[in-house]
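Number of protein chains: 2
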Amino acid sequence: MEYRKLKDQEDDVDAMREDVESRAEKAHSSAGINPLSTAGGGLGDHSRWKRKSIVTLALTFLTSSQAILIVWSKRAGKYEYSVTTANFLVETLKCFLSLAALTRIWRREGVTDDNRLRTTFEEVKVYPIPAALYLVKNLLQYYIFAYVDAPGYQILKNLNIISTGVLYRIILKRELSEIQWAAFILLCAGCTTAQLNSNSDQVLETPFQGWIMAIVMALLSGFAGVYTEAIIKKRPSRNINVQNFWLYIFGMIFNIIAILVQDFSAVLNKGFFHGYSLITILMIFNHALSGIAVSMVMKYADNIVKVYSTSVAMLLTAVVSVFLFGFHLSLAFFLGAVVVSVSVYLHSAGKLRR
Amino acid sequence: MEYRKLKDQEDDVDAMREDVESRAEKAHSSAGINPLSTAGGGLGDHSRWKRKSIVTLALTFLTSSQAILIVWSKRAGKYEYSVTTANFLVETLKCFLSLAALTRIWRREGVTDDNRLRTTFEEVKVYPIPAALYLVKNLLQYYIFAYVDAPGYQILKNLNIISTGVLYRIILKRELSEIQWAAFILLCAGCTTAQLNSNSDQVLETPFQGWIMAIVMALLSGFAGVYTEAIIKKRPSRNINVQNFWLYIFGMIFNIIAILVQDFSAVLNKGFFHGYSLITILMIFNHALSGIAVSMVMKYADNIVKVYSTSVAMLLTAVVSVFLFGFHLSLAFFLGAVVVSVSVYLHSAGKLRR
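Note that the protein sequences, when read in sequence, are chains A and B. When you read off a place in the first sequence, starting at 1, and then add 10, the result is the number in the numbering used here. When you read off a place in the second sequence, starting at 1, and then add 10, the result is the number in the numbering used here.
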């Protein structure tokens, strides 16, 4: 049951990533991935498909390397930095990267209505909402552990997949074909199967309150994701870097509050950068880039793609960990991986043709 | 991990059923299900669909009640009768039921070319082949336990699902849509997931020889099933009861050989019916009827339907055992059941439309 280790660590990854996401959803680009930093108007089908593929692959790669960095940092026994200061730095870095991308665009294309930084209350008034939803979810997280243990919570978190699908349908009113719904149920079952271990059956003994909390948390998390997509897609021509800049400003504000509430005395006594190491810096860069990738996926693809991308990343992480850390994969992992793979195939085979 | 119990017992059910199947594949009808005993010519789409549904439901019901009878008989501690004599009685009973059905048909329709009992060497020369394949498979079964334990063998037996699908495609040249292939892979993964327990990972340590034997056995079993379908469908207008009669005659012959080889001294010393109880009689009737149901499914549906039917029966058995015997279902069982259910849906949703 070596695979459990990885799962627990992924829990942290997810917790941290959701923390990061919670402050606001992200974006940017600059440097390497130039096509992404353009406003996106007037692209052909092929270019759009290519852009969607690039951001999806980037998210998959970044999410799984995130998990691997966490495992690595824990192995090295270096995990004593404050998570709130790290999250603040992630938001700040994302903000900086968005501004850098914007600077390039302004130089190349000049300042237009779509890429100007100036905004209106009308535009940004909804930007803090996803962050607020994640905050409530993260608060609930402390209480759910009264009813479920950490590996059990990890299993229940797969409810996020279903809640995202349902809210995607209800709020964004985008349709999935019946085959795609079947694929989505399989994705949830497959991810859960891949995480099974000898203690998983304890989840079935979760008390009623635990189930309710898990469902509420799944709904909050799904709602935050779908709402972010709605915000970003509401103004399709608006430059993603501007949208991200404002989302990340709120992210920074929320993280300052978190530092004040949770870690103020520790930061005052030990210093802001106490416990930081090379791995911590790498993790902050990785979180910033994957945050931006999530935002790009929201802009150019959707929440469904995001869910598939992070699920596949979970499998990739486990496979890579076999080589890096000598983990053993369980039969349940193989079966789950088969089901997730078939689900990915069915999602694409089941596309609505109109 | 209470569910394990059931699984092990199902192993016996399957072993016995395959023993039964091995002698020859079955059929009949008479009494209750009258439409089934007609030759099947000139039926409308609706009637054909109805007949197919009835035989499929009958097979599902009989397979799962078979498993439940086995559990019950083990609980009652009554399992000391000789399996070979019981199998001989099953074949004899099926033969008798086929003849009874034929007698009714002859009285109603008169003797025709399609329902006459007289046959040619040309017609029956291939009838012993499935029985021979099962015999080889059952012999191999003794050797595979040198490499895998019983629960591990139970898991590896799910390879039958894949081998049946592949041989169905190759030998019967019937096509499945891509969605249906995906559904078939899911069926295999789902059934295996439903059977997972804390020791399942040992299967991954099966030595190379064990894997080869498991694959060969899956191919033999799949080939026997597909070949039986080919035999029965070769003469569509030939009455199923006549086809079954001849298959069961070979079944009786093979079982006499098995009694002579394996149980001759026991039968001579203790008597043919030693250890028989009410449950044994019920089990013999159940095996005879489900044997006939398998044959009907081969005639009016196909091997794919048979595989789905017995897989769903496996799930039903587990659920019914919760109420009958107080078994606990594992999380893996629920996940497997979800995957199997989605697979059933996809198989029907993915039908080739031409």
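FYI, nobody ran anything at the bench for these hints, they're computed from the structure. For glycine and all other residues, C-beta sits at the position ideal for the given N, C-alpha and C. Treat the hints with care, since some could be wrong.
Partial pick of chain B residues on the chain A-facing surface, computed with a CB cut under 10 Å [claimed, not checked]:
id, residue
1, Thr-102
2, Glu-185
3, Leu-196
4, Leu-345
5, Val-349
6, Ser-351
7, Val-352
8, Leu-356
List time: in silico DSSO-like cross-link candidates among lysine-lysine, alpha-carbon distance up to 30 Å [unchecked claim]:
id, chain 1, residue 1, chain 2, residue 2
9, A, Lys-361, B, Lys-243
10, A, Lys-243, A, Lys-183
11, B, Lys-60, B, Lys-243
12, B, Lys-62, A, Lys-183
13, B, Lys-244, B, Lys-84
14, A, Lys-361, B, Lys-280
15, A, Lys-84, A, Lys-244
16, B, Lys-280, B, Lys-84
17, B, Lys-280, B, Lys-62
Over 12 Å on every C-beta distance to chain A, these chain B residues come out as not near it, computed from the model [stated by the list, open to error]:
id, residue
18, Lys-135
19, Ala-193
20, Leu-341
Checking each numbered hint in turn, tell me which of them this model violates, lowest number first. 1, 2, 9, 12, 13, 14, 15, 17, 19, 20
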